[in-house]
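Starting from the given sequences, assemble the full structure and let the hints guide the process.
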Amino acid sequence: MTAVQQPTPMSDAAQESVGVPARPTFRARAGHGASAFLRRAAKILAIVVVLLLLWKLVTVVFGIRDFLLPPPEQVLEEMWANAAVLWGHTLVTAQEVVVGFLIAAVLGLGCAILMTASQLVARLFYPALVISQAIPKVAIAPLLVVWLGFGQPTIITIVVIIAFFPVAVSGAGGLREVPRDLVMLGNSMGLRGARLFRKIMIPYALGAIFSGLKVGMTLALIGAVVGEFVTGQSGLGYYIQSSSSAFNVAQSFGGIIAIVVLGLVAFKLVELAESLAMPWRREHSAFTASA
Amino acid sequence: MASLAFRSVGKTYRIQSGPVQALQDVSFDIADGEFVSIVGPSGCGKSTLLKMCAGLVPRSDGDILVDDRSVTGVQTQMGVAFQDSLLLEWRSVLRNVLLQIESRKLRIEDYEQRARDLLETVGMESFADAYPGQLSGGMKQRVALCRTLVHDPSVLLLDEPFGALDAMTRDQLVLDLGKMWLETRKTAVLVTHSISEAVFLSDRVVVMSGRPGTILDIVSIDIPHPRGIAVRESPQFVEYVTSIGRYFQS
Numbered sequence: 001m002t003a004v005q006q007p008t009p010m011s012d013a014a015q016e017s018v019g020v021p022a023r024p025t026f027r028a029r030a031g032h033g034a035s036a037f038l039r040r041a042a043k044i045l046a047i048v049v050v051l052l053l054l055w056k057l058v059t060v061v062f063g064i065r066d067f068l069l070p071p072p073e074q075v076l077e078e079m080w081a082n083a084a085v086l087w088g089h090t091l092v093t094a095q096e097v098v099v100g101f102l103i104a105a106v107l108g109l110g111c112a113i114l115m116t117a118s119q120l121v122a123r124l125f126y127p128a129l130v131i132s133q134a135i136p137k138v139a140i141a142p143l144l145v146v147w148l149g150f151g152q153p154t155i156i157t158i159v160v161i162i163a164f165f166p167v168a169v170s171g172a173g174g175l176r177e178v179p180r181d182l183v184m185l186g187n188s189m190g191l192r193g194a195r196l197f198r199k200i201m202i203p204y205a206l207g208a209i210f211s212g213l214k215v216g217m218t219l220a221l222i223g224a225v226v227g228e229f230v231t232g233q234s235g236l237g238y239y240i241q242s243s244s245s246a247f248n249v250a251q252s253f254g255g256i257i258a259i260v261v262l263g264l265v266a267f268k269l270v271e272l273a274e275s276l277a278m279p280w281r282r283e284h285s286a287f288t289a290s291a
Numbered sequence: 001m002a003s004l005a006f007r008s009v010g011k012t013y014r015i016q017s018g019p020v021q022a023l024q025d026v027s028f029d030i031a032d033g034e035f036v037s038i039v040g041p042s043g044c045g046k047s048t049l050l051k052m053c054a055g056l057v058p059r060s061d062g063d064i065l066v067d068d069r070s071v072t073g074v075q076t077q078m079g080v081a082f083q084d085s086l087l088l089e090w091r092s093v094l095r096n097v098l099l100q101i102e103s104r105k106l107r108i109e110d111y112e113q114r115a116r117d118l119l120e121t122v123g124m125e126s127f128a129d130a131y132p133g134q135l136s137g138g139m140k141q142r143v144a145l146c147r148t149l150v151h152d153p154s155v156l157l158l159d160e161p162f163g164a165l166d167a168m169t170r171d172q173l174v175l176d177l178g179k180m181w182l183e184t185r186k187t188a189v190l191v192t193h194s195i196s197e198a199v200f201l202s203d204r205v206v207v208m209s210g211r212p213g214t215i216l217d218i219v220s221i222d223i224p225h226p227r228g229i230a231v232r233e234s235p236q237f238v239e240y241v242t243s244i245g246r247y248f249q250s
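Taken in order, these protein sequences are the chains called A and B.
Okay, so the first sequence: first residue is 1 according to the numbering used here, each after it adds one.
Okay, so the second sequence: first residue is 1 according to the numbering used here, each after it adds one.
Everything labelled a hint here was simulated from the structure, so no lab data went into it.
One should not assume that every hint holds.
What the hints assert, rightly or not - Partial list, derived from the structure: chain B residues whose beta carbon lies under 10 Å from chain A:
#	residue
1	Gln83
2	Ser92
3	Leu94
4	Glu102
5	Arg147
Said to hold, decoys possible - Estimated spans, in silico, between C-beta atoms of each pair:
#	chain 1	residue 1	chain 2	residue 2	range
6	B	Thr12	A	Gly190	27 to 33 Å
7	A	Gly190	B	Gln21	29 to 35 Å
8	A	Gly193	B	Asp166	34 to 40 Å
9	B	Val20	A	Pro142	51 to 57 Å
10	B	Asp61	A	Arg195	29 to 35 Å
11	B	Val20	A	Pro179	56 to 62 Å
In this text the structure is predicted, and so the values were computed from the model without any measurement.
Beta carbons are placed, not taken as given, at the ideal position from N, Cα and C, and that holds for glycine.
Here it is, written out as structure tokens:
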């Protein structure tokens, strides 16, 4: 996280003589950004193609039989043939991830704010929160089935539990890093309580909050798939498991690819939210890139 | 405008190995419109003294009076500046200055012109819409000074505002501050490590000892305002600086 007090490498005189205005620099980068996006997309596509070729090569060279590792074209064919079914299961999993993640984000941030606002809450909960990090949350999934029964509410609960901790811990950590003098400056202006959080502390901690949200989103998907392994009647976890037990390995691979794509989309959505919430970061990095 | 009075002020911190006396029996007065600097070695509690005056840190002993009223809570009528500029990187320069107004729930429209005027005094008017990430350390501290002044505070409390800057930038900012102070003649307290900075700006300089911080001397600087840059070469100025410097030679 870049600190507010971070000293700039340029001396005063040097920077003033350069005097680069912010806006033209930013606009220049926007044009640059479109071609950068295309170049990045091409790079990703190239990596995917190389991976598929390698996969194909391995199956041919080592003569691996189809029911152990099907060649990529067979997997893609399978996905195409089953597209509607696969899409349906993807939507189920996506729904669990989104609902669970949103609940976890709200609870996690609320918990982080409470722990920062109250010394008492912090003393009671912070050690517990750190210790609970060591518990493999996946291990309690079967227990939750016992307590809550089968079905989507149980899966969403697993998602919430697994995604909650990184959000709460990073959030609390970020809020604790707000410099004491900055809090005092706020106090000297008459900012206290909720207004101090809204105007100074939460924006200051946004970087840490979003790194927690990114980890939380990644874990949310894992939670949903594990939940479906344990208790699902639909969703990608269920799809993979039922395909595997029917020895339809091509179908299992189709499910895995769908999970990868879903994970990438979910992660990118959080990154998009981050850049929308912190526009000054983009402008700042544009400046340092061109300076 | 306001006068300040410190009456046997003390500060004791409780740490694991026992109580630590940071400040002891500090007593002096600051008249309305006076500029007073506090110099002393690191850890003598001079910053703490300033924060206690603003009501940001509770005192352990004695009393601090602002216009004959004891400080019991945060003194929001004052303007405080810190060693770091503490600009919010998500706000433009102008909106950083206006945070002072927004936080006090005053009408922003009433103060926007004043904020722009202040930025102009320190040569930052063309950066009103820039973000702090684009500014150098000296430029940030200039904006912070404008933020300290924009709400027309009764007292200025400056906690080593130039401490993190290089020598050349620092000299320029000291001149800027002197100019801004002369325009309003507000009661001002500056905490600093730099004796020459203190002598240049102040009507009186309070010299403090190391921990526990106590007052060694209070020196009146009898050089008329406005003081130009040439003042610093005058024998009178040099004499003040060397005589205060003697307190810190061991």
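Numbered hints the structure breaks, given as an ascending list:
When the structure is compared with the hints, numbers 3 and 11 turn out to be violated.
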